[in-house]
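*Asks:* Taken in order, these protein sequences are the chains called A and B. Residue numbers for the first sequence follow our numbering, so the first one is 33 and each next one is one higher. Residue numbers for the second sequence follow our numbering, so the first one is 1476 and each next one is one higher.
Just to be clear, a hint being listed does not mean it is correct.
[As the list claims (entries may be wrong)] Cross-link-like lysine-lysine pairs, in silico, DSS-like; alpha carbons within 27 Å at most:
1) 97(A) - 1998(B)
2) 1962(B) - 156(A)
3) 133(A) - 1962(B)
4) 97(A) - 173(A)
Hints were generated in silico from the structure; no laboratory data involved.
Chain by chain, the residues:
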Amino acid sequence: MRFDCVITGGGLAGLIAGISLQKEGRSTAIVSTGQNAMHFFSGTFESVKEAPARLAEIFEAAGIKVHYSAGVRLMPMGTFREAELALGDVDIFPSERFASKALIVSFRGEQGFFTGFLADGLEKAGIACRLAAIDRSSGIKKIAAAVSGLLDGEDAVVLPQVFGQKDSADVEYLREAIPAKVVFAGTQPPSVPGIRTQMQLKDYYISLGGTFLQGDEVTGAHVHDGVVHSVVTRNLDSHYLEADCFVLASGGFFSKGLLATPTSVVEPVFGLDVDYPADRSEWYDPSFAADQPYMRFGVKTDVALHPMIAGESVRNLYVAGSILGATRPEFGTGAGLAIRSAFAVVDSILKP
Amino acid sequence: MKQNEFDVIILGGGITGAGTHRDCCLRGLRSLLIEKKDIATGATGRNHGLLHSGARYAVNDPESAEECIRENMILRRIAAHCVEETDGLFITLPDDDLGYQKTFVDACRKAGIDAQIIDPELARRLEPSVNPALIGAVKVPDGAVDPFRLCAANMLDAQLHGGQVRLGTEVTGFIREGDRIVGVHTVDRRTGENADYYAPVTVNAGGIWGHGIAAMAGVEVGMYPAKGALLIFAHRVNNYVINRCRKPSNADILVPGDTVCIIGTTSTRIPFEECDDVAVTPDEVDLLITEGAQLAPALSSTRILRAYAGVRPLVSADNDPTGRSISRGIVCLDHAQRDGLEGFVTITGGKLMTYRLMAEQATDAVCRMIGVYKASYTENTPIPGSQVKSYEEVAGKIWEKPSAAQKSAASRMGTRAADISEGDASVICECEEVSAAELKLAIDRLSASTLTDLRRRTRVGMGTCQGQFCACRAAGLLAEAHGCVEKERRDLADFLQERWKGNFPIGWGDTLREAEFTQWTYKHVLGL
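Okay, chain A solo, but in the shape it has when bound (with noise of 0.2 Å):
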């Protein structure tokens, strides 16, 4: 099978990269596990500001609604970070203060939403409290219904961040329904926004004629002097994909983009030159809260995103997202590495 280009990880960069090629009619196709950081996605995007018009365009084709404001979010344990840009789901508050009182609603027997935590955090920012909990009807007219009987006097609710699946109108209706201020506040992972908001660029990207190949991997390359030629797909096996260019947005360690062994970090499909330093014990921080060394690790790239082999750039190759590890600081880090790093390389792709 030959594609104009062919991305290896469904992710954010991934996902991205082969919207816009596609916009700019290319043919592409995006071979992915199924699972990427998308799933563990907290609402905010981080190191972005405000949205290029470029990705705003993106997401309303998408129908992803994202909206842009400096201030502060609040997260699943009840503290309270900085966010500017982030999903139709979370709210970005001017201060911490943000109601003066709050009902926390959760599901009877769910365990992965921290209703004591959360009402300890508003505490500390001077929102009084009350826990509450409902049986996890069907319908969500009977939860609004449900959450707004409970209501007291209290000008917020704050509910679990699990509504709406495949677009975000239950989202909407319990903002319009629940006469208070309603509040998301992520659970434990997966993200249920996150999982959607990547199903929503999933559905875009092949509805612009992309070819997306779920639950399949990239298991090896065919590369001769500096140029790959196709890559082999375990599910493909001999039908290799062939294309003028690829992409590798295959993520960090997690979604195993770098693979550690105990005497070296290596990129498994190319066999690309990764920056880590070769004594083991410098990998790490001892200390959990720290940032680890390893985070950092990524694959090494030129000046239009080509990694290399040996020293050598491999020209028709592209490297986006968390596979870069902090290599280009330019990007940023999180979901803004992964947008600047896909347009960077899209930019470079399409260059005359």
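Using the hints provided, position chain B relative to the given structure of chain A.
*Replies:* Just chain B, lined up with the frame of chain A:
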């Protein structure tokens, strides 16, 4: 008797202290156990979990070997829910001297250990993970023992017989009357409150910390802190304990236990100052993997869950630089006879699995000193939970159709699992199948006040996810039980730090993937 007066005070909440506390209580003594941290925090929780047959010591330390085999048989009876009767193999590899096998088997038989030479082909069939290159094999009655479970059950039985426990309480000094110790000054490490307790006898069961306790009492117990490093693998590769049939050396025992297996150990003398925070070095990790793969080649490609180390409380005998030749025999010192200090006993040396005999000897000494003439009956008295041997039978009696989590609870708690039959069955820890009810019971009845305490009592957070999924949920339960969220937030951070401590020395492959996921989740998604 006043509130703060007892017949005996026991210092140390490891298995020796817990066993002694239980024996004292069963003999009708008013006993108080004081522990600086939590149960099983020292060497008790930091070893192989090997129910020695004694074979390892048969050649060089026959006295320990005899103690081991005797206690091995007793623990199978009285601690059934803590013991797995796996049997063990002593294998001879091409590099080893096959001639040693005969010496070994003769010594085992002399010590009363049923050692059977078996054909290497049979050994390969019995234990498919064993190094297929083996040229000799001996089958012995080794087994596995869960030290946390054993320690908690001894502690619980003591409590059921009127014993009192002060966890998180440190002894700051002894109260003396002339040449007699009559009590202790303590401070509660959580509240800072001071308290004095009195008893005619104090037992020093502090493991390696017993050295410092003795020094505080003004007597010298020459101890030899020997660090042993171990690795836990994420899968149970072997079903038999696998040992090397040679003189005891590094990394030559592989013990299966629950869903994992453990390779160890090393033996290195360390300074006393380091006993509180022992770290595993990259060299030790590499040695354990290389030597472990000699026993079971699959280990070289099996995910490693954690690296950890404990400190053996060996009693110095000579200038042996590794401590390998120091006897593992029990040392029970009556300091009145030895040093002219009345009312003070030190119980040390020994092994996890000879704890009951150590407890018996220490309690005998206590009874002698206070003039109580009662014999120990722990040899024939099951610990709580161990009245029925098969956990499936236990689960079947409590629940009509037991779930996996209920069966797991029955295997951990034995017959005590009946106490959670009515509780909240939602599963908090999927790796180890621990329910909310089991955690709540551990908080209420087994005095767990932190996540790490809960881990020692229930295995929460010990599985492949290393607390990634369950730690925040269990923290929610603790916060609710204690009514203090801020404290619990710190506790959760401490717990994740403690898990990371055992992960980063083996931070590659899936272990690093899991760690990256955990760090991402707690820092960026949950906002701890």
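*Asks:* For the pair we were handed, residue 97(A) and residue 1998(B), check the Cα-Cα distance against 27 Å.
*Replies:* Given that 27 Å is the threshold and the Cα spacing comes to 25 Å, the pair holds.
*Asks:* Is the straight-line distance between the alpha-carbon of residue 97(A) and that of residue 173(A) 27 Å or less?
*Replies:* holds, 22 Å
*Asks:* Verify the proposed pairing of residue 133(A) with residue 1962(B), using a straight-line Cα cut of 27 Å.
*Replies:* holds, 24 Å
*Asks:* Does the structure keep residue 1962(B) and residue 156(A) at a Cα separation of 27 Å or less?
*Replies:* holds, 14 Å
The structure is consistent with each of the numbered hints, conforming to all of them.
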